[in-house]
Each structure stands twice: as structure tokens, then as C-alpha cells.
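The whole structure should be built from the sequences, with the hints applied where relevant.
Protein chains: 2
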Amino acid sequence: MSTCEFESLEKSLESHLPEAELAEVKRILFGRETQRLELPTCAVKAAAEREFELKGYKFDAAQEQLRPPKAVRVGLVQHHIVLPTDAPILDQINAMHSRVGEVVEVAAMCGVNIICFQETWTMPFAFCTREKEPWTEFAESAEEGNTTRFCQELAKKYNMVVISPILEREELHSTLWNTAVVISNSGNVLGKSRKNHIPKVGDFNESTYYMEGDTGHTVFQTQFGKIAVNICYGRHHPLNWLMYSMNGAEVIFNPSATIGALSEPMWPIEARNAAIANHCFTCAINRVGTEHFKSEFTSGDGKKAHHDFGHFYGSSYVAGPDGSRTPGLSRTRDGLLVVEMDLNLNRQVSDKWSFKMTGRHAEYAEELKKAARHDFKPKIIKE
Amino acid sequence: MSTCEFESLEKSLESHLPEAELAEVKRILFGRETQRLELPTCAVKAAAEREFELKGYKFDAAQEQLRPPKAVRVGLVQHHIVLPTDAPILDQINAMHSRVGEVVEVAAMCGVNIICFQETWTMPFAFCTREKEPWTEFAESAEEGNTTRFCQELAKKYNMVVISPILEREELHSTLWNTAVVISNSGNVLGKSRKNHIPKVGDFNESTYYMEGDTGHTVFQTQFGKIAVNICYGRHHPLNWLMYSMNGAEVIFNPSATIGALSEPMWPIEARNAAIANHCFTCAINRVGTEHFKSEFTSGDGKKAHHDFGHFYGSSYVAGPDGSRTPGLSRTRDGLLVVEMDLNLNRQVSDKWSFKMTGRHAEYAEELKKAARHDFKPKIIKE
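These protein sequences, in sequence, are chains G and W.
Numbering-wise, the first sequence is residues 1 to 383 according to the UniProt record's numbering.
Numbering-wise, the second sequence is residues 1 to 383 according to the UniProt record's numbering.
Don't take every hint at face value.
It does not matter which identical chain is used: a pair holds within one copy or between any two.
[Stated by the list, open to error] Below, in silico cross-link-like pairs of lysine-lysine (DSS-like), each with a Cα-Cα straight-line distance of 30 Å or less:
id : residue 1 : residue 2
1  : K200      : K26
2  : K156      : K200
3  : K156      : K379
4  : K70       : K26
5  : K352      : K200
Keep in mind the hints are simulated off the structure, nothing from the lab.
What follows is the structure, encoded as C-alpha cells:
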């Protein structure tokens with residue numbers, strides 16, 4: 001079975017394990033079971049017709065006396081590119097708008113309050129080619145680009161917060177960025193969050209296109225909760241998650257683009273560890289499919305030149321602060337994951353597990369400052 | 001099936017999944033396959049006679065031109081308490097010495113260079129009772145206690161580095177500590193590493209017995225590699241792992257004592273995330289079994305008083321820097337996990353994935369310092 005064909009871990013377990021063992025395996029792998037979320041028939045029907053996977057789950061929290069439940073529905077969208085990568089750029093972008101637009105319409109039927117798309121969702125993930133043209137032409141203004149305008153329409157129409165990760169062209173500094181634009185459900189651009197850590201993985205070096213972000217660890221206070229966006233490679237950096245959480249994020253989105261051969265065994269670990277360590281929800285989103293490019297390129301691995309980067313394995317999921325997580329979306333299909341979460345769970349788990357209170361952060365700040373210096377002397381005991 | 005009976009995740013998958021799917025499931029769950037390590041027949045026979053599980057795995061690294069392979073074999077020991085918790089204290093300690101001694105003998109047959117026992121391995125994990133007596137009588141001097149002397153004998157006899165996590169009584173400051181004593185293969189006490197984060201989980205508060213450690217993030221340079229010890233609850237704190245790694249640790253041990261109802265879904269996540277994020281090996285060790293106490297105690301959860309804390313689920317494992325991990329030991333049986341690792345893998349993965357180089361640590365030190373202050377103003381954007 002090739003890695004592009006294998007549909008999902010969850011499906012495999014459910015098809016083969018006896019019921020009693022399946023329950024134990026799921027408890028160990030996924031924690032406290034997330035309940036299925038009942039979704040409207042019209043949404044289920046529309047998703048089937050539009051040929052994408054639709055799944056719904058729910059994280060409960062205990063009832064409190066002083067705070068009402070704080071239920072929010074988030075939507076995670078994963079998708080293939082729509083047109084071939086050598087189609088006219090505007091056609092490619094418009095086709096992607098149209099595809100994602102029909103997914104968002106279904107999300108609205110499901111009562112989604114906050115939706116997040118995958119990293120640089122309007123374009124192929126072409127950074128592996130190392131070509132500047134035509135890929136940099138996909139870059140748009142975060143404030144006034146066509147894609148932002150398109151998302152503002154969606155936001156207003158559906159009363160939905162939209163997180164739109166794009167390749168940003170900032171005319172002000174003649175600079176490209178990897179940026180998530182956050183649009184309020186009013187339709188206003190609330191702000192943007194730039195990718196804090198730029199991958200240098202083997203020869204795959206995105207700093208050919210953009211540098212480390214300068215927006216720090218901004219948190220966006222929306223009507224539905226406090227959210228932040230940790231883009232792709234930033235999920236490997238625990239301090240990045242920590243600082244979003246320290247700034248108050250209740251839900252941290254991680255729009256990504258990553259392939260099986262590289263990162264698949266890390267995928268279920270990192271965003272979930274961040275949810276546990278920081279007493280918050282994390283949403284991991286990855287694109288799907290294999291994208292073919294006209295020019296061949298090498299990958300600094302001694303192998304022959306080729307025309308694709310590999311298989312993007314989807315598997316988008318949501319992790320909760322109590323160590324539980326939803327099953328993942330498919331490894332091969334477009335999909336929408338609708339997850340209802342009671343944000344009260346964050347403080348409940350924090351009050352129980354106390355990782356912040358026991359964190360000794362002031363001491364770590366001192367230690368880290370010393371450790372980061374060129375003349376740092378590690379504390380090593382020898383015989 | 002009760003949670004105390006379920007033998008292991010790995011066994012369940014291997015019994016039921018068709019071969020091709022099993023390979024994909026294992027790849028996603030465990031990463032690049034760790035090879036089985038051939039163990040000597042005498043060791044396999046002795047383990048069977050002594051009724052403990054013996055498993056061996058191997059992490060390879062690529063051949064380099066300038067550095068020879070740096071193969072080291074580590075041993076992880078998980079075990080039940082031997083005598084009932086109301087037996088005379090010295091008998092309990094001696095029985096544990098004897099049991100662990102026979103496991104270490106098998107480890108020596110397997111060529112283990114560095115062995116690590118579970119947290120407070122000479123005693124029941126009695127902190128749930130909140131009684132001081134008789135449990136504090138288990139505390140010993142790290143430098144001159146009987147248990148340290150016993151471990152020094154093992155170390156010399158088998159030319160093995162021994163990590164012995166005990167309840168430490170420090171006469172100097174009339175203080176108890178939760179401490180790992182590190183004994184060189186020469187038999188000398190190399191030093192000690194005290195638990196940096198003390199659990200406050202619900203009503204389970206170990207600070208009744210000891211406070212946060214004062215030994216920082218010491219790394220021990222042994223003949224076989226640079227090692228560190230992150231005790232139990234410290235595995236929930238990504239900064240704790242980071243600082244051991246920044247001080248040079250190639251292998252970080254996490255001797256633990258934790259029960260299924262509390263932490264089992266987090267267990268496969270945290271130590272493994274630390275191995276990935278820090279480009280090092282991590283070794284997670286948990287005790288096994290249910291320990292009964294004479295006095296009943298409550299657990300601050302509204303439930304009736306009871307005589308045990310719950311089921312310690314073993315499942316000890318080793319995680320590598322490339323996202324791969326070994327299968328876990330049993331959830332129910334005593335066991336010895338022998339793992340050979342080529343420490344060259346750490347730098348190879350670091351050179352490929354670059355998490356340290358892209359870490360922006362100096363900036364995080366500044367940010368964290370501000371965030372830890374009482375007058376910190378989070379960076380929140382509102383409409």
C-alpha cells in the first residue's frame with residue numbers, strides 16, 4: 001500500500017480491531033473520547049455533492065457556577081490545489097476561491113464561528129522549486145488584496161471569523177511574508193500574524209522567499225474567543241506555542257503544508273503536545289495531494305531532479321488541553337473538520353494540572369538568556 | 001476489558017491489523033522503524049526465568065567520514081513494588097534492591113552501558129497518602145545511603161553508568177528532595193539531579209514532601225555520552241527539556257510514576273515531542289502495578305476514601321530525534337528495555353531540521369522575562 005493511498009489511521013483501526021480493544025487503543029491514542037457532533041442534513045448532503053469529507057466532533061467541559069459555557073465552533077479546511085500549477089495565475093487563485101467558498105458555505109450551515117484555511121491557501125506550495133517566477137506573483141496585500149476582500153465577504157455573509165494564510169506582499173518595505181490575515185466576523189481586517197520560524201530543512205529553505213516574522217505573538221480577541229496563528233514550521237518550536245499562550249490565546253491555529261516522507265510521524269505529536277503543555281486548544285491543518293510543477297528541481301538529497309515535492313497528507317485535527325484529540329481528517333481528500341469546544345475547559349485543566357503555576361518562567365528567562373549567548377558555558381559535570 | 005488488563009497498544013495492533021496496513025499504521029504512529037536488537041540467549045532465558053519482559057531495539061545513524069559511530073546501549077527498568085507496603089521498611093528496600101539487581105544482571109548480559117530506574121524506585125509511590133510516616137523513612141543520603149552504595153557496586157561490577165532516582169534526605173539543610181543520583185561506571189557518584197517541577201495535580205501535591213530542585217539543568221559527561229535526568233512531572237514543561245538540551249544532553253532520562261486515569265494519553269506525546277524539538281534521545285520510564293496502602297485516603301475528587309492511587313501503566317519507551325520511537329514495554333509487567341542508539345543521529349537530525357538554529361532563543365528570553373512579570377501586558381488586538 002503506497003503512502004498516497006492509505007486513507008487514515010483511524011479508519012484502519014476501526015475496520016480491524018475488536019470493540020473492547022479498540023476502546024482501549026483509542027483511549028491511549030486519543031484520550032478522553034471527543035463526542036460526534038450532530039451536523040445538519042443539508043450540510044452533509046452538500047459536502048457529499050461537493051466531494052469533500054465533513055466530520056464533526058465536540059469537546060465538553062464541566063458546568064461551572066459563575067461562568068456560562070463558552071462554546072465555539074471552529075472549522076478547519078484542507079484541500080488540493082484546483083487547477084494545474086501552470087494554469088494562468090488569476091485562474092488558479094479564482095478556482096481556489098471558488099472551491100474554498102463552497103466549503104465555507106457548508107461550514108456556515110454547520111454553525112462554524114471561526115474558520116481557518118491551510119498555509120498559503122491560494123497557491124501551490126511552490127517554494128520547493130526555488131523559482132521566484134511565477135510564484136511570487138501569487139503574493140497579495142494582507143489589507144487590500146483580492147483574497148482578503150474575498151474573505152471579508154465570506155466573514156460578513158456568514159458572521160464568521162476567517163483566518164486566511166497567504167503569501168503577503170508588503171509594498172511598504174518591498175518585502176514578502178508568510179502571513180495569516182485575521183478577519184473579524186464584522187468583515188474588518190483585525191490584523192495579521194507572520195510566520196515566526198522559517199524552515200531550513202535539508203535544502204528546503206523558505207528564507208529564499210521570506211524572513212522570520214516581525215509580528216511577535218499577537219493574540220486576536222474575537223467575539224468567539226481569543227485566538228492566535230502559529231504558521232507551519234513554528235509548530236516545532238515549543239517556545240512559540242508558549243508565547244502565544246502567555247499572551248492569552250485560547251485556541252492556536254497551525255495552518256501548515258507538509259509532506260509524508262518528512263514529517264508525518266511528528267504531526268500527531270507537536271500540536272497536541274502544545275495543547276497539553278499550554279492548557280489550550282490547538283488546530284493542526286495540512287494541505288492534501290501531490291502538486292506537479294513544470295520545471296524540474298532537485299532536493300539536495302543526491303536524487304535525480306523531479307517535478308513534485310511529495311504527498312501532502314492532510315490529517316488535520318484538533319487537540320484539547322486535557323490530552324484528548326479528535327480523529328484526523330483523511331490523508332487524501334479535501335475536507336472540513338467542524339469542532340465545537342467549550343473554552344472553559346482550558347482554565348479547568350489549568351486549575352487541575354497547574355503547568356503554568358509550576359512553570360518557573362522567570363528563572364527560565366534568565367537561563368535562556370545566558371544559554372543563547374556566544375560565550376555560554378554549559379553546566380556539565382565530568383568525573 | 002479493564003485498563004489494568006490491557007497488555008499493550010503494540011500487541012493489539014500486531015494481532016489484528018493486516019500486514020500492509022500495519023506497516024502504514026506503525027509508520028504514522030512510531031516513525032522510521034527501530035530495528036530489533038539481537039539479545040544474547042542467556043539474557044532472554046534469564047529474563048523469562050525471572051519473569052520480566054525483555055525487549056531490544058536499535059536506532060541507526062548514517063555513516064560519517066570524520067566521526068566514528070557513537071553507539072551506546074541504554075537500559076530502562078520498570079517494576080512493581082516487591083513486598084506489601086506495610087512490610088518493614090528495610091525489608092521493602094532490600095527486596096527492591098534484590099529484584100532490580102537481578103534485572104541489572106540481565107542488562108549487563110545485554111551490554112547495557114547506562115541504566116536508569118524508575119522514580120523513587122526503592123519505595124512505594126506513597127505521596128498520594130499525604131502521610132509523612134513511615135514514608136519519609138525511605139529517604140536516604142544521595143552520597144552515602146545504602147541504595148547509592150548498592151548502585152555503586154552494580155556500576156563497578158558491570159562497568160555501567162547507573163541512574164538511581166530516590167527520595168533524598170539532605171542532612172545539611174534538613175530537607176527532603178526527589179533526586180536522581182548519577183553513578184559513573186567507575187563506581188563514583190558523579191552527581192545528582194533534583195526534580196525541577198513539583199506536581200500540583202488536583203489534590204496530589206508532592207510539595208508536601210519536597211520542593212523544586214536547586215540543581216538546575218546539570219548534564220553529566222559519562223564515558224558513553226552526555227546525559228541528563230528530567231524527573232517525572234518535569235516532562236510536562238517543554239522549557240525543562242530545552243535547558244537540559246541546551247546544556248549539551250544527548251540522552252535525557254525521564255524516570256516517572258504516573259497512573260492511567262491521569263496521564264496515559266499524554267505519555268506517548270511529551271517525551272517524544274521533547275526528542276523531536278531538541279534533537280536528542282529521550283527515555284520515558286514509568287512504574288507498573290497498583291500499590292495498596294493500609295490507611296485509607298481521599299483524593300480531593302468527591303469520591304470515597306480508598307487504599308490505592310490507581311494503576312501505574314508502565315509503557316516505558318525511547319524516542320529519537322528524527323520522530324521515531326521504540327514500541328513501549330508492557331502496561332502490566334516488570335520489564336527491561338534495551339536500546340542501542342548511535343548518538344551521531346542527534347547532530348545529523350539537527351543539521352537537517354535546524355530547530356536550534358531557527359530557534360530565536362535570545363528573543364524568547366526577552367519576551368519570557370516580560371511575560372513572567374506581574375505587570376505583563378499581553379499583546380491582544382481587539383476590534
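Need the list of violated hint numbers for this structure, in ascending order. 2
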